[in-house]
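Student: Single-letter residue listing:
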Amino acid sequence: MRNNKSTKGPIQDFWNEFKQYKYGIVGLIFLIIFIILVIFESFLIPFPEASSRWRDITYWEDNPRSVPPVWINFFSSKDYAPTIYFEDLEFTENQLSPTITTMNYILEYDYDYDVPPVDIILRGRFEGNFTANIVVERPDGATINLVNKNFSAPTMRDFRIPLVNESQNNVRNFVRRYQPNVPQNINTFRILFSQADENIISNPQPLKGTYKFNINLIKTSPNTVIEEPRFVVSGSVSGLLGTDNSKRDIWSGLVAGLKWALFIGLLTSAISVGVGVIYGTISAYYGGIVDSIMQRIWEVFINIPLLPVLIVLSAIFQPSIWTLITMMCLFFWVGPVKTVRSMALQIKEETFVESAKALGASNFRIIFKHIVPMLIPYAFASMALNVPSAIVYEATVSLLGLGDASVVTWGQILHDAFSGGAVISGYWWWIIPPGIAIALVGMTFAFLGFAMDTILNPKLRTR
Amino acid sequence: MYWRYAIKRILMGILIYVIIIFIYSILFNTVMEETLNGQIIEIVNGEMLKMSQVGTDPEYLLQYRQTRIQELRTLYHLDEPLPTRIFWRAVNTLTFNYGNSTIMRSFKGETDVLAIVLERIPYTLLLFTFAILIDIVVGVSLGIKKAQRAGKLMDQSTSIITMVVYGLPSWWFGMVMIMLFAFTIPIFPSGGFNSVPPPDTFLARVVDTLYHLALPVLTLVFIGFWGRAYLTRNIVLGNLQEDFIMSARARGIPERSVLYGHAMRTSAPPILTMSLLSLLASFNGALVFEGIFSWPGMGSLYWAAVQQNDIPVLLGNLSITTAIYIAGIVVLDLIYGFLDPRIKVGGKA
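Protein sequence lines, in the order shown, are assigned to chains L and A.
Residues 0 to 462 in numbering that gives the first Met the number 0 are what the first sequence lists, from first letter to last.
Residues 0 to 348 in numbering that gives the first Met the number 0 are what the second sequence lists, from first letter to last.
Possibly wrong hints are sitting among the right ones.
Per the computed footprint, the stretches of chain A lying under chain L, defined by three or more beta-carbons under 8 Å from a beta-carbon of chain L, are [claimed, not checked]:
id, stretch
1, 18-29
2, 320-329
When the alpha-carbon atoms are kept at most 20 Å apart in a straight line, the in silico SDA-like pairs for lysine to any residue are as follows [to be verified]:
id, chain 1, residue 1, chain 2, residue 2
3, L, 21, A, 117
4, A, 151, L, 454
5, A, 107, A, 93
6, L, 246, L, 85
These are calculated hints, taken from the structure and not from any lab test.
These figures come from a predicted structure and were not determined experimentally.
All C-beta atoms in this analysis are idealised placements derived from N, C-alpha and C, irrespective of residue type, glycine included.
Bound conformation, chain L alone (with noise of 0.2 Å):
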């Protein structure tokens, strides 16, 4: 401990020896990245509500399943097609007779790609009757007549128009056209967007340019109400870094589990060093017998084996995220203790210490307003060291699948990249971004905390 005698505080003290460091200098330059990912995540992500419906199957049911990040088409010969959505379209209206009305649009698809999309998607809310009707035109002048389908609802509900399903049996007809012998399983969408020749079904090559999608919503009944049509092209690359089996959007889904991760850390490595080190200066301080006692009561601790405890705890309990921090903290505060205590123990020798005994101030006074700030330092050193350990417990627990289902953490998504074979299907997006996000929060506070320890320890300095 070395006592600082500037006039400026030993907080400026610390601050200019820390920005020494730059390595702790990058620490906090992430740290305070991380806290503007988590308040502006609703504007990061494109699924502002991934934290909660995470689990929600219908909230991400227009994305397409396991595909990669859409930047692979910078570095892969092949151009995939992204996801695009087409929202608020301006259909024309046209009153026919009184009880018809015909919606229309005419939507252009570019495409430019060599691999087509997944699926694409015509979605809104209706009421009444109305018939869909979807023709494209393709850049080669030939038309397909995709889908022709009735709805009828009495209120107010969705409609779901994947157009992979439902042109399958047209988009077969068409291929007659050009091949007589056409397969029980079709790839619907490779034949839509490839040239229209004898090689269509063995060896289709991509037709490029501009699809026009002619969409007709027919109302049949007067009190027809269509809200909200959107065209969504599923693509077979999506989002920043693709989707999981369950076509969720793994940026939204990573991003969102930066703040669980955050609060988790810190709260936990909070609690448990502050508990840690209160009881090691109030062992130190008062030693004897009550020493003798909080140091027994430490041993039994430091000897059980955390992590099979954890599991075995959540296993049984199934835990929620607040159990599981308590459970953490209930183990972790055992770290910072000996070298508190071997530090309380320099400390309580020190003049002031029995100035303030002179004066008559309360051992709680001692404790708490001369020997723990002295400790501070320390304490926020090994807070931020523990952060990434409490981080990668949560993950570790989360990974067997004993998590709190409730939130979204990058344990939980790991787990269902293990459980979705992931790693045998080789969806890298699925499986490496949580991990450098893990080991990117890891490192931050590993960064911030080596670098106060160094400046705390003077040992550790370079000759």
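Starting from the structure of chain L, add chain A where the hints point.
Tutor: Just chain A now, with coordinates in the frame of chain L:
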């Protein structure tokens, strides 16, 4: 003197184990009793089925069921007050009487939890002693090099890597390694202990096992040795700043023998403790790692027991993991006390 210290330390370890088992017993009392009650009903139902096949009087059967359940409940101390129940559960656990699994079986088909756990231990030990031995050799030698050139490029760059991998979950790295080296570039098996079917000759089986060991060991070593190097560096560096090193240098002793003769001699005990401590840490930290590599050790057992919700296996495994863990710490203290006389003279274990 050392023996007194040793015996004291061992007794302390046993006492701590007993206390921890009591804590477990309190924590898991309710769940364990539910499982036990379920098992009793199952046993009695089984017996009734046998008796009814012989054609026993149904009136008597009902009577028998009542008394038999009562009998078993008394046997397992389920009718006694809570403190007694907790006490007997702890005593059973301490005598390795973990009972029977609900779903899982050992490789031979036994339901005895002890048998299930015991057959897993060698696999775990094999994997981790292998990994840790390589880890220590690589980590300590890198650490010495770092201390020698403290502040230089090599030291700084490896320190930064240490911090980068600090928060990296080893099992995640394992997943990436499997994806890379077992599926993308298939040069290693993706997991398991032997190929299926295993080779015939003993030698071929050993080679096959080593081949299966390669990837998990490689992964563990790659994650582990950075931290070890950093700690070694700090310990050695701390000693290099002591006065006796100063005076050795002043006497003109070559730097090499200052490092290995003087600095290393004082650094060896803490480095050794630290290394052995990581052997222990890996013992429970790598439990999840085993599941990823489907290595049939205790970690995989946790994984499987969690999935099948087999509480007796989980608790049995936990008790034995704890026992091994504490035994490791005790052995560590004994070695440390042997190497560093200050410990036992101080009298505090």
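Student: Quick check: which numbered hints come out false for this structure?
Tutor: 3 and 5
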